[in-house]
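Enquirer: This is what each chain is made of:
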Amino acid sequence: MLRHLATSALLVLALLLPLPSQAQALEIDIVGGNAAALPITVVPMPYLGTQVAPETDVAAIIAANLNRSGQFRTLPLANLVERPVRGTDIQFPTWRVLKQDFIVVGRVLDAPDGGFRVEYELFDVAKQERLLGLAMTGRARGLRDIAHQISDQIYERILGVRGAFWTRIAYVTATGRGDSLQYALMVADADGANPQTVVRSREPLLSPAWSPDGRRLAYVSFERGNSTIYIQELATGARELIASFRGINGAPSFSPDGTRLAMTLSRSGNPDIYVMDLATRALTPVTRHFGIDTEAVWTPDGQSLIFTSDRAGRPQLYQVPVSGGDPVRLTFEGDHNAKASVSFDGKKIAMAQGERNVYRIAVMDRSRAPPVWQTLSPGNLDESPSFAPNASMLLYATKEGGRGVLYAVSADARVRQRLVLTDGDVREPAWSPFRQR
Amino acid sequence: MNNVTRLALVAACAIVLSACARQVREEPQPAPVAEAAAPAAPVADDGRFGPEDLDTNPCLMQRTVLFDFDQDAVRPEFQAIVACHAKYLQDRPEARVTLEGNADERGSREYNLALGERRGNAVMGALQAAGGSAGQITVVSYGEERPVCTESTESCWQQNRRVEIVYTAR
Chain A
180 MLRHLATSAL LVLALLLPLP SQAQALEIDI VGGNAAALPI TVVPMPYLGT QVAPETDVAA
240 IIAANLNRSG QFRTLPLANL VERPVRGTDI QFPTWRVLKQ DFIVVGRVLD APDGGFRVEY
300 ELFDVAKQER LLGLAMTGRA RGLRDIAHQI SDQIYERILG VRGAFWTRIA YVTATGRGDS
360 LQYALMVADA DGANPQTVVR SREPLLSPAW SPDGRRLAYV SFERGNSTIY IQELATGARE
420 LIASFRGING APSFSPDGTR LAMTLSRSGN PDIYVMDLAT RALTPVTRHF GIDTEAVWTP
480 DGQSLIFTSD RAGRPQLYQV PVSGGDPVRL TFEGDHNAKA SVSFDGKKIA MAQGERNVYR
540 IAVMDRSRAP PVWQTLSPGN LDESPSFAPN ASMLLYATKE GGRGVLYAVS ADARVRQRLV
600 LTDGDVREPA WSPFRQR
Chain B
34 MNNVTRLALV AACAIVLSAC ARQVREEPQP APVAEAAAPA APVADDGRFG PEDLDTNPCL
94 MQRTVLFDFD QDAVRPEFQA IVACHAKYLQ DRPEARVTLE GNADERGSRE YNLALGERRG
154 NAVMGALQAA GGSAGQITVV SYGEERPVCT ESTESCWQQN RRVEIVYTAR
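Which chain is which? The protein sequence lines are A and B, in order.
The first sequence stops at residue 616 when you use our numbering, and every number in between is there.
The second sequence stops at residue 203 when you use our numbering, and every number in between is there.
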């Protein structure tokens, strides 16, 4: 298990190496907090080896991850009256007085191959019980990945839900003005760190969609003048032209098994949903209506598509079997509901909901009857929601001070993290699937 | 040409478009303002548009059709612009236009891509109805990706909800 995890961290590093690292970093800050979150202390993990100490602060990354999930609240460093490094050093009464439910201690050591070994332990303070005791090994550049994987292990051990910190996000940036305007499709760690350029263009890019294995992105580019769908392999940069028909070629979405791509084409004169078999390139029409049908996403069982249609006047969400049939309207609240993102279990559908000039991210829990609605964002121009693969958080885009920014919001809407580009717009977020362990 | 005449011609073009097939450029007769609404008779030609009219004719120089929020109907005040471009296409079979459909920033990007195409198609339909032929017209949608105005205000949004008529061959 341990060796397997270490290999994964190194593999990720190797995948990212061929890409240029000149990308502009996203600036990150956290808005809001959750008083009901579980109190946890992540004690700084000192470097106890003999090489130059690594720059990555593993404990700080873990603490930031747990905080932005909205489910945990870490003890501020200033309140750490003791800094135990091993489980045997922990004075439990101290942490009970500080009202901590959990404590994480650890240390960074040298690994035999010149890399680093991170050992950590998670304790339940009330029970004085060790819940986890693991070690992970990687190169200096892999330490962020290790910190994210440790965060996932802690999250899952305490909450019983797989963590989604060791995942990635795709997004589009627009920088420069006028003739120097440039677009880039980017991939970064889920916390916005380590941004890598996937493709650059002088023409607009939009609608990135992950393949289920996380190795490819489908997206829409205007580089040929009209909208065109490409699929690009992240590791090699190799890409394929998928759809360049007359009219719109937009809104790509991979099927859960990765063999098919749903898309919007207006080749017959009107935007309708099609499904392409990626092996044969055969196209099957799914909707046929004079209204706008677009933004199809798959239900987790691969049997249905949920899409945006204005067939009833204003845009609303509908569901249709992939095999065809009559679409069923899903949304009856709000003037305008568009761009669905479906949670991994199919229970929740996030969307951009518009009322007059205010657009917010709303989530409909369809596992309850009648469906329960929740508003996750304050407006006014919030759009493009994308669930994390464990549905614990969502990414969305909005506009602040005239420029595009992203937010990651916890599923309970209590904690929001802003991702801002120092100079330019950031938009069109897409949260990756789980990485393969 | 004095300013009064120029204004009169603009008014005539806007009001009685079909009669304003060609702007008078040589030896204009000083037309009283009272007669501005009357058809301005083309002088000494066949009444057909020529390529140079794209740079001089006040109607043909207008290349933007604006739309209401989430709508693709060509508003009555833009029928005159559509009509003169349709006549140009009819007069010059070799001419080609691309209709670039655009939307404001409200709503999702893919929906707006579809909306921009619908607006382009609406202008194409109006051009064909008024004499242009399908083979002369291409529609492309840029959705909300190419705003001419970037503030989040109604006046800005109105400028962005547009179809631009772009001549690719005169």
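Misleading hints may appear alongside valid ones.
Calculated cross-link-like contacts (lysine to aspartate or glutamate; reagent style EDC-like; alpha-carbon spacing at most 20 Å) [stated by the list, open to error]:
| no. | chain 1 | residue 1 | chain 2 | residue 2 |
| --- | --- | --- | --- | --- |
| 1 | A | K278 | A | D289 |
| 2 | A | K526 | A | E512 |
| 3 | A | K306 | A | D280 |
| 4 | A | K578 | B | E184 |
| 5 | A | K306 | A | D268 |
| 6 | A | K578 | B | E127 |
Selected chain A positions facing chain B (Cβ under 8 Å, derived; list incomplete) [said to hold, decoys possible]:
| no. | residue |
| --- | --- |
| 7 | P291 |
| 8 | G293 |
| 9 | G294 |
| 10 | E402 |
| 11 | N405 |
| 12 | S406 |
| 13 | T407 |
| 14 | T443 |
| 15 | P464 |
| 16 | E474 |
| 17 | A517 |
| 18 | N536 |
| 19 | Y538 |
| 20 | P557 |
| 21 | L560 |
Bear in mind the hints are in silico, worked out from the structure with no lab data behind them.
If you're wondering where the values come from, they're calculated on a predicted model, not measured in any experiment.
From the three backbone atoms N, C-alpha and C, an ideal C-beta is built for every residue, glycine too.
Enquirer: Each hint: holds or not?
Expert: Structure-based check of each hint:
The suggested pairing of A:K278 with A:D289 is violated, with an alpha-carbon distance near 34 Å, which exceeds 20 Å. Between A:K526 and A:E512 the alpha-carbon distance is near 17 Å, which keeps this suggested pair within the 20 Å criterion. As the CA atoms of A:K306 and A:D280 are separated by approximately 9 Å, the hinted pair is consistent with the 20 Å bound. For the given pair, A:K578 sits about 10 Å from B:E184 by alpha-carbon distance, which is consistent with the 20 Å threshold.
As the CA atoms of A:K306 and A:D268 are separated by approximately 16 Å, the hinted pair is consistent with the 20 Å bound. Using a Cα cut-off of 20 Å, the hinted pair A:K578 and B:E127 is violated, with the two alpha carbons roughly 44 Å apart. At its closest, the beta carbon of A:P291 sits 50 Å from a beta carbon of chain B; the interface hint therefore is violated under the 8 Å criterion. At about 46 Å, the closest approach between the beta carbon of A:G293 and any beta carbon in chain B exceeds 8 Å, and the interface hint on this residue is violated.
Interface restraint check for A:G294: the shortest CB-CB distance to chain B comes to about 42 Å, outside 8 Å, so the restraint is violated. Hint on A:E402 is violated. Least Cβ distance to chain B is approximately 12 Å, over the 8 Å limit. Taking 8 Å as the C-beta cut-off, the interface hint given for A:N405 holds, the closest approach to chain B being about 5 Å. Taking 8 Å as the C-beta cut-off, the interface hint given for A:S406 holds, the closest approach to chain B being about 6 Å.
Evaluation of the A:T407 hint against chain B yields a violated restraint, the C-beta minimum of about 12 Å exceeding 8 Å. Annotation: interface hint on A:T443 holds; nearest CB of chain B at approximately 7 Å, less than 8 Å. Interface hint status for A:P464: violated, as the beta-carbon distance to the closest one in chain B is roughly 16 Å, over 8 Å. Residue-level restraint check for A:E474 holds (minimum Cβ-Cβ distance to chain B is 5 Å; threshold 8 Å).
Because the beta carbon of A:A517 sits about 4 Å from the nearest beta carbon in chain B, less than 8 Å, this interface hint is met. The interface hint given for A:N536 holds, since its Cβ lies 7 Å from the closest Cβ of chain B, which is under the 8 Å cut-off. With 8 Å as the threshold, the beta carbon of A:Y538 comes within range of chain B, its nearest partner Cβ sitting at about 7 Å, so the hint holds. The closest approach between the C-beta of A:P557 and any C-beta of chain B is roughly 15 Å, which is over the 8 Å cut-off, so the hint fails.
The closest approach between the C-beta of A:L560 and any C-beta of chain B is roughly 6 Å, which is under the 8 Å cut-off, so the hint is satisfied.
In the structure shown, a violation is registered for the earlier hints numbered 1, 6, 7, 8, 9, 10, 13, 15 and 20, in ascending order.
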